[in-house]
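Please take these sequences and the hints and turn them into a complete structure.
Chain by chain, the residues:
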Amino acid sequence: MSVSRRAFLLWTMSAAAAASAKASSRPPQTEEKAPPAGTDHAGCLADTTLCIGCRKCEEACNSRNALPRPDMPFSDKTAFRSARRPTDRAFTVVNEYPGAPSRDLNDRKQTYAKVQCMHCLTPACVSACIVGAMVRAADGAIVYKPEICLGCRYCMVACPFQIPAYEYNEALKPRVRKCEFCSNTAGATGANPACAAACPTEALVFGKRESLLALARDRIQKRPDRYLDHIYGENEVGGTSWLYLTGRPGPEVGLIDVPMSSPAHKTEAIQHGIFRYGIIPVAFYGALGALMWRNQRKEKKESEGNPEGERP
Amino acid sequence: MSGHAPQTIRRPFFTPGTFVLIVFTAVGLSFGLARLFNGLAPITNLDDFYPWGIWIAIDVACGVALAAGGFTTAAIAEIFGGHRFKPLLRPAILTAWLGYFMVAVGLMFDLGRYWNVWRPVFNWQGNSVLFEVGMCVMAYLAVLTVEMSPALIEGLKERIERREWGHKILAKVEKPLNLVYSWVKAILPIFIVAGVVLSCMHQSSLGTLMVIAPTKVSTLWYTPLMPLLFLLSAMMVGFPMVILESIIAHKSFGKEQDLGLIGSLAKYVPYIIGIYAAFKFGDLIVRGNELNFTQHADATVFFAAEIVLGILAPLVLFSLPAVRRSVNWLLTASLLVIGGVVLNRINVYVVGYYPPFAKARYFPAIGELALTIGLACGLMLLYRFFAIHFPIVAGEGKTAAVRAEAPHRHVPVLKPVWTAVFRGTAAAFLLGFVVLYSLVHTRAIEASAEASQIIQLAKAAPRPVLDTAAFTHSARPEAYRNLYVLDSPELNRKTDYYEPVRFTHRTHEVNSDSNCAICHHRYAMGPEDRVGEDLNAMHEGIEVRIQGASCLSCHEDLTEKEFRKCSQCHFESNEPDYPARIGLKGAYHRQCIGCHENQPDQAKAPSDCGSCHHPLVPDHKSLLAFAGRPSPSDVTARCLACHEETGADILKTAHWNWQGPTPSLSGKEHSATIGLRNMIDNYDISLAPNPVLTSAFHIGDLPAGGGADDPAKIDCLVCHDTTGTYKRGIDSQWLDLKTAAEKIGRPSRANCGSCHFYGGGGPGIKNGDLSPAMVRPRPEDDTHMGKVDMRCQDCHAVNKHQIAGLSFNAPVVERRAACVYCHGSAPHGIIGVIGRHIDDHVKAIACETCHIPQFARSQPTQMSVDFSAAGKDGVAPKLQFDRPTYDKRYGTRTWGRDVVPVYRWFDGSRQSYQLGDAIDPSKTVVLNAPLGDKRNPQAKITPFKVHQAVQPYDSGQNILAAVKFENGLWADYDWTKAVAEGMTAVGKSFSGKVGFVKTEMYTSIHHEVSPAKKSLGCADCHAPQNVACARCHANAAGMNQPEHTRRVYPETTGRLDFKALGYEGDPALTGGRFYMDLRRGLPPK
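Those sequence lines, one after another, are chains A and B.
Under the numbering used here, the first residue of the first sequence carries the number 1, and numbering increases by one thereafter.
Under the numbering used here, the first residue of the second sequence carries the number 1, and numbering increases by one thereafter.
Hints are computed from structural coordinates only; laboratory data are not their basis.
Possibly wrong hints are sitting among the right ones.
Unchecked claim - With beta-carbon atoms standing in for the labels, derived distance ranges:
id, chain 1, residue 1, chain 2, residue 2, range
1, B, Leu320, A, Ile279, 40 to 46 Å
2, A, Asp225, B, Lys494, 32 to 38 Å
3, B, Leu623, A, Lys109, 35 to 41 Å
All C-beta atoms in this analysis are idealised placements derived from N, C-alpha and C, irrespective of residue type, glycine included.
As structure tokens, then:
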């Protein structure tokens, strides 16, 4: 009895130690995977001070992705009356926020900000997906492969920006829908996404992420009165392909505060901490097995000693 | 030991309770079926913000957690030497087995593509926590099946012995069953350990699942320690679950409770709760600063309930020996632990889940609750089934012992070597699984970019080669100074939804305060220069902004110079060599919109797309399909099928209603019922009694009385036909309306002109400045339409089919059109010094006065008509300007060409004769006099066409008469009858007496704008010496310009009768309105 209790405690402690080992094995910064943002990494720079809310990007997105036409025409500005989010029928939406977009644009009464998939460099949805139906393409686009998707919607839980939408009305073949950087149409990866091509004021600029960062810094430097000295997406959740320049704090225009490292780092660290080379499970198995073998042998001896099976 | 061997239970399966469970299960599964057929939306309250509801929180997360009794009991009974707990093992394993089975079943309803559920077995994704959960759950279900199989085989063999239902078939497979039984027995220990390891792995991973959502899970629960807390809480709930089951099972099957066994099991519980509580509270203390108890009230309440009822209360209860000795107290305490863990899972997955941007909180739908309850009931049914038919629950007494021994008689005893082989194989299998599994993770670690290799970078679209030849279009129409066409073939090649924008320097120069550098910010120094010099820097120290003529005051030759186009520097956005330079599209739009947004009058400086760009109409060929030959109404129906709102828009327009607001009509400013329907003119008198004639001019089937509301009666083609083949009133079987509909487009001058060029009943009769010649006018006929091919709607701007501009005698207003909208209010400055004097005239003189010196220049217009002469046969008509001077239907007519207008002061308001107004027949009746005089600062001297008529009136009542022409006058020329029918049609009484009265009608002149050199010169109105420069500027050298002697129409004398207009004499001498400007003073006498 006392033995088994001690053993039980020992076992609990070892389990706890194993579990805490996972938790504490969050890697130091050096172990974090460097975001694979090479020179061929595509990106898009959205400048909220230049957006005029014309919704041309929404229209272009709608036609490029062959989405159903909305009830209201895209020219209808009453759409701004409600704060909208990307849905399974609209991969990008522009929202209107009261107030001037920046300090030097006092005459304007609204700020507009476009919402779409940010195409994270270390995307939580890709890390979360159980089968790898969310894939990060070589140029940084996060694309979706419906044919292997289970429809578990964990990607929607994982996305820190609340982007993926789901075809809840579809009975048999529902898809997760989101902006795929216009990379799903044939051979268009790396080409101008429809929204950026349609933007009349070039508030959206498509290009290499590196040069866009340089462009953004250049703009901030030249117009310190217009821009906040912060490029949203440069470091947010470990960096995103879409970058935002704003003249007012991000949360005011729908750019929510998120951690500066990818949430996927934490879960992957825990997972890989446990399963690296299978050491912990095998060792745990071995320990339990040995304990069991010892106790079973002891019981065998005891029952041989007491053939009637009587116990105190 | 043997006294507690498991045994089957000799009891009927069906009891009243069972039926209740069956009903609940059936209801739940029917909701589940509905979900399979209709998708998640109708059955659940899930949305994009809450992708996971209680099906995940309860069916999966709680289901897995509550099945923890299986691995905890296995651990204590088999591994840690607690052999006396073995009687509790089989019920615990059965619960776990069924629990995981139900998790799998429940998951099938939640997964959107449940038919892909097997995918994780082949598509390994080592980074995914869910993958780890899924694989472990699958593996553990297999392990549990192995652990269950001895009981299952024993149960089957017992059926054979008892000769129960199915025993004949089972007897045939008894041998293989025995074989399997012995194998399973041999490898069982290996699987028992594997079960514990797998359980620890995925119980913790269920907690790791939510670690990926730091922005969503409430700070009260979110911690990187969640995997450990989930594992510990699963261990914590294991024994209470076993205790609960044992108590319920014994009660349900009427067996005596062995309180000692579960009591001693309960002794461990407070220690486990203590460990969990230590980690839980330790975590809370460490994260103290992050915790936010005030953010979400409901979360705080649930959190407190979880801590107090789920952890503290059972911790105290299980510590008390008295509790452990009472079945009811044990039940209560166990339920508290179980409830606490269930609450924890629901809290983490639902209550504490606060997704950003969500508009409403999630609450489970009926269907979700029903399926969850149904699955739980189904689980109980299955448990009862297995407990009755298989040896699960420990019995007591020797009979049970004997029975338990019985199966062993037939079991072949394996040789030790075979046992070793089987165990080795099982171990190798497990090890292989682990190795493969860790390999996945290793691969995921080492090549996280592995995913990125799946889709290769496709070739970037080739950058279009800049073809400078494409820019050969001159942005400026030939010889037209102010109008520019902003267009770029380069941009159009990518997307071309719009016609080019027409841009006038005149308005923009005025609005930009004559600062050219706002737009022309840099000046390219050569055809290859793509950077240029900053224009402001070039003029440093010089006041660039000079009122009026600006750049021209220094650069006199500027108008002859060739300008660098915007496209010389700007073409594509984000060029690699100079990313900061914006592209052409951005350059245009930012320049325009940047200023337009700051203009107070959005009507004149709009910043929406449609006000500057005319959308190109796409080819409708692929959009339309007609069966057979469509009629006009078929075409309309097809149009409205897509352009749904357009029909409603049109029903609100003046073009449809022929009435509307008339703010400029004196005395009727607030009326909205005046219009073509109820007015009287002196061309064709009144429309209402003559529906056939009238409807030919309507944009659809004319509504009977005021505002019809059937969009199907609209005739789209009359305005939008571009083939020129469609005519209203022609039988559509002669027309190819299919082609007309396919080639639908923006209205051309011909479309508008099909009505407006024929006002008064024939070409050019009514509007002296509009005639069919305007379809393709010569440049000298009209400079806008003839020279730069402007369409009507370029000036008569359209919004939702409401069209700017107004008729003079039926002044229904929707929007306004005016010269100054494009040309600005000081348009002459660019001509030079004298331009300022001409600009001064704009304050007193309408643009049309000088720029339309004559009307009816393209075709003759009717100047008078005498209806009293109608109805005579045999009159030989003379021709005047090729038009007959007599028509039996209308009487005597006179015609005019190149007519000099009549000039009147006009401030925009006017009178208009309305049916029923009294007249004085002894005088000429003016039907619609323009209002305004010299003292009214709004009034300007404006040109008019004045049309004389002799027309019928009711001489009994002294009111003008309405006349029925078609099937009336024209049938028998009986005026009394025709007027009687006409007055009836307009709802007025008629005295029976018809007389004839002289009337005059004004029509304003806006079209046939002549080229600049044909517009009036100074000497056309003023004596040259009166306007000689030297009169005022005697001291300024070189001021004497020849302009003041310019007289374009020497044949016209006395064009402006200054005295009649209210001046003492020539205002150049006596002082006109613009000398009111204080800076000027009066002109010298």
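Comparing the hints with the structure gives:
| no. | hint | in the structure |
| --- | --- | --- |
| 1 | B/Leu320 x A/Ile279: 40 to 46 Å | holds (42 Å) |
| 2 | A/Asp225 x B/Lys494: 32 to 38 Å | holds (34 Å) |
| 3 | B/Leu623 x A/Lys109: 35 to 41 Å | holds (38 Å) |
Comparing the model with each earlier hint shows no violations; every hint is respected.
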